[in-house]
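Enquirer: What follows is each chain in one-letter form.
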Amino acid sequence: MESSLGEQLATLLGESAVLPGDGYEVDGLTPQAVVRPVDRLQLAEVLRWSSSEGVGILPRGGGTRTWLGNVPRKADVVLDMGAFDRVLDYQPADMTATVEAGVNLASLQEHLAPGGEFVPLEAAQASRSTVGGILSVGTGGPLSYAYGLPREWLIGIGVMSPKGVSTKAGGKVVKNVTGYDLNKLYTGSLGTLGVIVEASFKLLPNNPNSGMLLASFPSLAASISAGRKLLHSPAAPMGCHSVTSGISRRLQDSVQAASQDLGLGEEETALSFAFYSGRAQATKRRMDEAAALLLAEGANAVQRIDDSAADGMLRWFTDAPAEISPSSVLAIKVSVQSKSAARTSAECGEILVSGEKPELMADPGFGSIRLFWPPSTEGPSDIEQPILDAVQQTRQIAGRYGGTAVVEHCPLPVKRQIDVWGDAPDSMAVMQGIKDRFDPNGILNPGRFLGGI
Amino acid sequence: MLPPGPMSRFLDQAKAVVGAENVIHEPEDLLVFEYDGSVDRGLPGAVVFPISVEEVSQIMALAYAESLRVVGRGAGTGLSGGAISSPGGVQIAFTRMHNILDVDTENRTATVEPGVINLDLDTYAHRFGLRYAPDPSSQKACSLGGNIAENAGGPHCLAYGTTTNHVLGMEVVLEDGAVVNLGSLARETVGYDLRGVFTGSEGTFGIATKIAVRLLPVPEAVRTFLGIFLDVETACTAVSAVIEHGIVPAALEMIDALTIQAVQKVNDAGYPDDAGAVLLIELEGLQDEVDEIGEEVEAALWETGASQVRTAEAAAEREQLWVGRKGALGALGSIAPNYFLVDGVVPRTQLAPVLGRVADVSRKYNIPIANVFHAGDGNLHPCLLFDERQPGALDKIVEAGTEVLQICVDAGGTLTGEHGVGLEKKEQMPMVFSKDDMAAMVLVRDAFAPDNSLNPGKIFPDGKKHTPHAHPPAHGMPA
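Heads up: the protein sequence lines correspond to chains C and S, in order. Sequential numbering of the first sequence, starting at 1, is according to the working numbering. Sequential numbering of the second sequence, starting at 1001, is according to the working numbering.
Think of the hints as simulated: they come from the structure by calculation, not from any bench. From a predicted model like this one, the values you see are computed outputs, not experimental measurements. The beta-carbon is built from N, C-alpha and C at its ideal position, and this holds for glycine as well. One thing to keep in mind: the hints can contain errors.
Claimed, not checked - Result set (DSS-like, lysine-lysine): computed pairs, CA atoms no more than 27 Å apart in a straight line:
id : chain 1 : residue 1 : chain 2 : residue 2
1  : C       : Lys-357   : C       : Lys-339
2  : S       : Lys-1464  : S       : Lys-1435
3  : C       : Lys-339   : S       : Lys-1364
4  : C       : Lys-229   : C       : Lys-74
5  : C       : Lys-163   : S       : Lys-1435
6  : S       : Lys-1396  : S       : Lys-1426
Claimed, not checked - Rough simulated footprint, nothing fancy, chain S against chain C, three-plus residues with beta-carbon under 8 Å:
id : stretch
7  : 53-66
8  : 201-207
9  : 289-302
10 : 361-370
11 : 379-385
To be verified - Some, not all, of what chain S presents toward chain C, calculated at C-beta under 7 Å:
id : residue
12 : His-1156
13 : Ala-1159
14 : Gly-1177
15 : Asn-1181
16 : Val-1190
17 : Tyr-1192
18 : Gly-1378
19 : Gly-1392
20 : Ala-1393
21 : Val-1409
22 : Asp-1437
23 : Met-1441
24 : Leu-1443
25 : Val-1444
26 : Ala-1447
Please put together the full structure from these sequences, using the hints given.
Expert: This is the structure we're talking about:
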């Protein structure tokens, strides 16, 4: 009789490196085993074995975003990178750091804090989200307008190929054009090209002061319009967001004190958030000018929140999308040209799923809009077609404004019918060509990425 | 008349596509296209000047059908041999595709043709209160297409990042003439970040025919500080002091004593005779930020031993402070007819010791080395000064240059910060990357260009010794 995958892995790495797959379901599939290599040698062995046996591997960091991506074609073994958790090098005067992929973001920031620096990555559940996971997903957070995406900060990477070969690209210096920039290729590739083992980042100095403005507006459209004006003024914040009342009510639970006098009772009330940080004098001036601008643009009220309260609000904002998604019947992230954020929000805001409009979180500076349709009372089979229709309509609107729409959460039967990433672009053949060359046996996250990669 | 063959068939058809007046193939006309800013040379078989993506696509399909090698050429200002043609290959020059197609002030983006000059885009954007941040020293001449190929940098990349942080999307033609779009005007796209990996691929993946970039708002205030120091070591401590204050200036540049002498000979920048290093720091932002941080910068310069500190905020006065730095490479001509620029990068903290070792190389080979560099991001530019007419001079320069690169790599750095590997440094790649590292890179090239017909022979070592001196100079006096 053939031995199970778990047994084979135990033979390979020892019993202690292998766990049962229960509790590690991905899109309804339970892996046969979870393997936790402790070093590069073990990692290479696992991958060589997987490639030769055609075993589907799902690399995993903190497991905070396993819901992202298509339903895997196969989910044989989860590869837990948690043992790769060392900060390898940190030179405050160079403003660079090199870490292993399993280091979580919160502990990395703690490590950098005594040096007066931080890495401008943003991720929900920072105490669980790992560097490897953040890079694989490649997305940013509430301050993307200021910091961009993880791609901007990664300067070097160490990767284990599906055949167990260790490779690197970039380096430890902040400016580097030596060889192709594979940092960019791996970032956002959802672990489909290789397993990220270590990464080097350029860092920024900590900002001494932070603060935020919270403003209520009679409508989402008014909030976004004011946000756009603010972003294009000298008082521009690091990030500016507009949310609908349903999102505000969730926030209210977290920050009651702050939201008392903002008129959140009104059904159509929308909130604007503007995050600031920097030198004291400049931050104060920006916030003063911004408050005046928001009021002039029709805000009902503007509230100023300083320091730790503002930091707490930023954390709430970073975590919110991932918390709201699972309780939604459908959650979509739309990315468009920033100038189209208002129109995209207005049009997508009218799309109904079983009679309900979505709640919205819009970032009119970066051009991303999150849509959350509330849970439905209809039966699972009745809701499928309305969800598929809503996905289709959202994609048409996103496409019209030069963008894309990624389905971040939907019922599994719907997920099985769609590509959550959307339609394949005209460069799909090149992408597929890269995947076929990097992972010829198709073992890494099979089927989870765009176009079935 | 060319003998019948691939090139002759290509020329006939290429003339039909772009018009005979836009194809050059006579040897005497080709000479000017055989070199770029580097010491390398390679005579193309033809240079074609297309005017549209359709023409580029057809030209590349024709070349592909005839198995001819193709290289794109912007302004030829790269210093690594990136735009040098394979001997007998086809060069596609973008001087006719020089239109700024769109500046979108609401979206803060610009869409341009690849032949647009970097500074022209920046100047045009300023009309709308916007700017294009990457500013290579050659920005008056270099093109956006070339900037993408090399992932060009510049002094202000310290705060704003290099070209790759500003490119949003591009339309590119692949080796067989297929046209694909990478990235988009939206900040986030789905799938692999092909525009990211394309940027800096030195013309080996495809040729960009349309480029979309981000524009940033022009800052409210800019202040430039010029500090004069007795030597480079002391100036480096000033760099550290500024960084330790949690300050990332917009630019942080340095020139050394030999460069100062050259500058003073050509264009009096007002540097004292005994100046051993000049440090330039530029701050940008709100007036409040520039004022507050400016005080700290000025204090740091004095505390670390500056003998003079000058500051300016008005544009014309700031320009005056920059004169020496911007004219530095040109001024080196007053010391020697040629310079060989080494583009190594080191961690910031290694600047002073590495410059000391570079000085050792200068003594060992008896080659004057002038340093003009981006101190903020550790990107050195030791310029090895020589006269290419002296027998064996180039050999010695290449050897000394390689030694400088080894010093950079040993200090935890790398071969090139902004100029690319090209022909010049391909044999040094193993100093930094293993065979496996390079094999992974080649896999990406194979996916874009399976026939490797675009700018072949660049970036990766092929065992063919790089012998720039084998080609006679196209200009200058006989030795």
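Enquirer: Evaluate each hint against the coordinates.
Expert: Against the structure, the hints:
1. C:Lys-357 to C:Lys-339: Holds, at about 23 Å.
2. S:Lys-1464 to S:Lys-1435: holds (16 Å)
3. C:Lys-339 to S:Lys-1364: At roughly 59 Å apart (the allowed maximum being 27 Å), Lys-1364 of chain S and Lys-339 of chain C break the hint.
4. C:Lys-229 to C:Lys-74: violated (48 Å)
5. C:Lys-163 to S:Lys-1435: Measuring from Cα to Cα gives roughly 15 Å; hence the hint holds.
6. S:Lys-1396 to S:Lys-1426: Since the Cα atoms of Lys-1396 of chain S and Lys-1426 of chain S sit roughly 18 Å apart, the hinted pair holds (cutoff 27 Å).
7. 53-66: violated (count 0)
8. 201-207: holds (count 3)
9. 289-302: violated (count 0)
10. 361-370: Contact hint for the stretch 361-370 of chain C vs chain S: holds, 3 residues under 8 Å.
11. 379-385: violated (count 0)
12. His-1156: Because about 12 Å separates His-1156 of chain S from the closest Cβ in chain C, which is outside the 7 Å limit, the hint is violated.
13. Ala-1159: Result: violated, 10 Å to nearest chain C Cβ.
14. Gly-1177: It is violated, given that the least Cβ distance between Gly-1177 of chain S and chain C is near 14 Å, above 7 Å.
15. Asn-1181: With Cβ-Cβ at 6 Å, under 7 Å, it holds.
16. Val-1190: holds (4 Å)
17. Tyr-1192: Holds - the Cβ of Tyr-1192 of chain S comes within 7 Å of chain C, reaching about 5 Å at its closest.
18. Gly-1378: holds (6 Å)
19. Gly-1392: Violated - the Cβ of Gly-1392 of chain S stays beyond 7 Å from chain C, reaching only about 28 Å at its closest.
20. Ala-1393: Nearest chain C Cβ about 26 Å off; hint violated.
21. Val-1409: violated (9 Å)
22. Asp-1437: Since chain C brings a Cβ to about 5 Å from Asp-1437 of chain S, closer than 7 Å, the hint holds.
23. Met-1441: holds (4 Å)
24. Leu-1443: It holds, given that the least Cβ distance between Leu-1443 of chain S and chain C is near 4 Å, below 7 Å.
25. Val-1444: OK, holds: Val-1444 of chain S within 7 Å of chain C, min 6 Å.
26. Ala-1447: The hint holds - Ala-1447 of chain S has a Cβ within 7 Å of chain C, the shortest such distance being about 4 Å.
When the structure is compared with the earlier hints, violations turn up for hints 3, 4, 7, 9, 11, 12, 13, 14, 19, 20 and 21 and for no others.
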